[in-house]
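Engineer: Please work from the sequences and hints to get the whole structure.
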Amino acid sequence: MKSKVSTKSIEVAENEKLSNVDILSTHKNWLVGLPISDDWQFEEYLEGQYHSRLSFNWRPTYELATLQDQLKWDTWKNFAKNLCVIIFDESHSHIKPITNKIYAQNIKLICQYFCFEKNRLNIQQVTKEDILHFERHLKEKKISVGYTEALLTAVQFLWIKPLFADLEGLSFDPYPVGSSVKLVSKKIGQPNCHTTTLLPETGLALIDHALKLIKNSTKTIEDLGDYLNLKKRHRSRVFKRKHGYSATELFKKTDLIYGASIVLVLGLSAMRSHELSGLKYEDAVLIVEGKTNCLTGKVHKTANTITGKTTERHVINEIKQALEIILRLTSHVRKKNKNTLLLLKLPIYNSANSKGKAIEELGYQSLYKILDKFALDAGYVSGTLRPHMFRRFFAMMWTWRFELGDLEYLSRLLYHNKGEFTNAYIEDERVWEFMDEETKRMTYDIFEKMFKGELHIIGGFHKTVESYKNILEAKVTVISPESVHDFVERVIDRNNYSIIPAIDGYCFMSKSRGRRSKCSTNGLSPDYSNRSESTCTSCPNFGVSIRSKKEWESRLNAHYLVSKTTKSEKLKKASDKAIKAIKKLKLNIIS
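With the first letter of the sequence shown counted as 1, position 476 gets the number 476 in full-length UniProt numbering; the numbers rise by one all the way through.
Worth flagging that the hints you see were computed from the coordinates, not collected in a lab. These numbers were taken from a predicted model, which means no experiment stands behind them. Glycine included, every Cβ here is placed at the ideal spot set by N, Cα and C. Any given hint could turn out to be false.
Distance ranges between label pairs, derived from CB positions [to be verified]: (1) Asp173 with Lys475: 42 to 52 angstroms; (2) Ala65 with Leu34: 27 to 37 angstroms; (3) Glu117 with Glu43: 26 to 36 angstroms; (4) Lys240 with Glu489: 58 to 68 angstroms; (5) Gly146 with Leu34: 31 to 41 angstroms.
Lysine-lysine pairs mimicking PhoX-like chemistry, simulated, CA-CA at most 20 angstroms apart [what the hints assert, rightly or not]: (6) Lys141 with Lys182; (7) Lys212 with Lys373; (8) Lys242 with Lys253; (9) Lys309 with Lys298; (10) Lys141 with Lys118; (11) Lys335 with Lys232; (12) Lys139 with Lys118.
Structural biologist: This is how it looks when you write it as structure tokens:
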């Protein structure tokens with residue numbers, strides 16, 4: 001990318017570069033080495049974590065076509081490094097290294113934009129118009145509100161004059177009062193831009209494919225061992241002649257088996273990607289040897305502590321098999337380096353860092369490539385496969401089939417600190433796709449019959465039905481089948497309604513009505529194992545139709561009989577309570 005830069009500007013850039021060398025030549029306790037280097041390795045705070053996770057470099061992603069481009073970027077890079085040093089020095093005591101890395105990435109991205117896209121020589125040349133251009137650039141990218149807010153927060157960091165006298169930043173506050181970062185982010189970011197949820201059919205198909213690959217993995221793993229022995233003796237070309245297929249095909253099969261093992265661990269445990277990457281070799285060995293059935297890990301996202309929170313996950317046989325495969329595949333690398341992590345790069349690929357040292361750990365990019373290869377082989381062609389997709393799949397499967405399941409327990413399984421995090425998983429906008437066609441048709445059919453007056457619902461949900469009817473009558477002059485159908489579609493789709501039928505009535509459930517359930521044991525969702533006459537008859541989600549009239553009448557008669565004949569005060573009290581509850585339904589008005 002070419003740009004016109006005067007000789008005077010180049011001299012200024014060189015002087016600015018030299019003026020901050022002292023700051024960048026000082027050792028920092030949050031960094032391995034000195035900040036003057038273009039390769040930053042943030043100081044690890046957890047024993048055994050893979051180093052590439054905390055590696056970062058200041059080399060631009062743009063082509064430096066001319067000397068002027070190089071000098072211009074040197075000025076911006078020098079400013080960005082100094083800004084990061086100031087921020088990280090201030091925040092080191094309470095900010096995790098991985099967060100610092102993200103800050104550095106975002107600051108670098110913004111500095112590159114102003115340097116190469118807007119052709120600004122330094123931070124002082126950036127104008128308010130440039131900030132607006134950057135906002136429009138983010139809007140065109142259609143990124144999430146959360147990521148937009150992170151980038152605009154980094155823009156706010158550029159206005160550092162009121163905070164730090166050592167470094168001159170923007171000459172104006174980009175987000176003054178009334179125009180906050182959060183407010184602007186909501187305007188230009190994309191809402192609900194989260195990881196795709198795997199539908200049950202797709203997620204189960206991926207797990208099934210993984211199980212098949214692992215079942216037939218023995219020969220491939222043995223062939224891999226033979227290939228590595230041949231390679232050691234410089235006879236790797238003999239492999240095809242000996243086994244009847246090429247080393248390239250072997251590599252592909254090995255990758256797929258590795259991917260299948262990882263998919264099983266993710267899909268059947270719901271662990272986060274950083275928890276997966278931090279699993280220890282020795283813990284996996286204990287499980288495979290049958291000495292424990294509990295896999296220990298650590299989560300950091302909701303741990304509220306820099307050292308993380310220990311997790312313990314019960315291991316079923318399929319996960320045990322997957323761990324055994326991973327141990328066998330990585331054993332050849334482990335013999336050389338004694339790495340304590342479970343997931344390592346396989347020996348079929350040679351990779352090294354900028355200093356020529358072999359990379360052993362399986363970084364995120366390598367993990368993603370393995371998952372994508374597995375997805376393609378499994379026939380999942382609708383997109384990429386990522387670890388977080390399996391967490392959402394796990395949560396949706398837990399609550400699938402009429403929202404059954406204890407969400408408090410699910411929250412513990414996912415290691416969420418608060419129930420709203422779990423709700424965000426299960427209240428996915430695609431939840432309707434999880435219901436089978438028969439249930440969908442039944443839900444639409446009952447709603448249409450209610451609004452047409454063909455089905456009379458009494459009980460707690462009666463008031464909601466009447467409210468919807470009033471809205472419908474206010475919207476149309478003549479209630480026709482077409483208008484009812486359109487109205488029902490809007491009501492159901494907007495609220496994600498589903499109807500759970502039972503012998504004694506209907507439970508009208510949506511993503512918001514779960515909190516109102518009288519049978520709820522956690523204040524968040526229904527607990528159908530806790531249903532009783534008293535809870536259902538007083539529940540705003542419950543409705544009874546003519547279909548259930550005989551059932552309730554027989555119950556009422558039975559309670560009357562018990563109340564009149566029993567000599568037990570306890571039984572009489574329980575029957576009288578039930579009679580009072582059933583009378584609330586006013587069964588005589590059912591048509």
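Engineer: Confirm or reject each hint.
Structural biologist: Hints and how they fare:
no.	hint	result
1	Asp173 with Lys475: 42 to 52 angstroms	holds, 47 angstroms
2	Ala65 with Leu34: 27 to 37 angstroms	holds, 29 angstroms
3	Glu117 with Glu43: 26 to 36 angstroms	holds, 33 angstroms
4	Lys240 with Glu489: 58 to 68 angstroms	holds, 60 angstroms
5	Gly146 with Leu34: 31 to 41 angstroms	holds, 33 angstroms
6	Lys141 with Lys182	holds, 18 angstroms
7	Lys212 with Lys373	holds, 16 angstroms
8	Lys242 with Lys253	holds, 17 angstroms
9	Lys309 with Lys298	holds, 5 angstroms
10	Lys141 with Lys118	holds, 17 angstroms
11	Lys335 with Lys232	holds, 14 angstroms
12	Lys139 with Lys118	holds, 17 angstroms
The structure agrees with every numbered hint stated previously.
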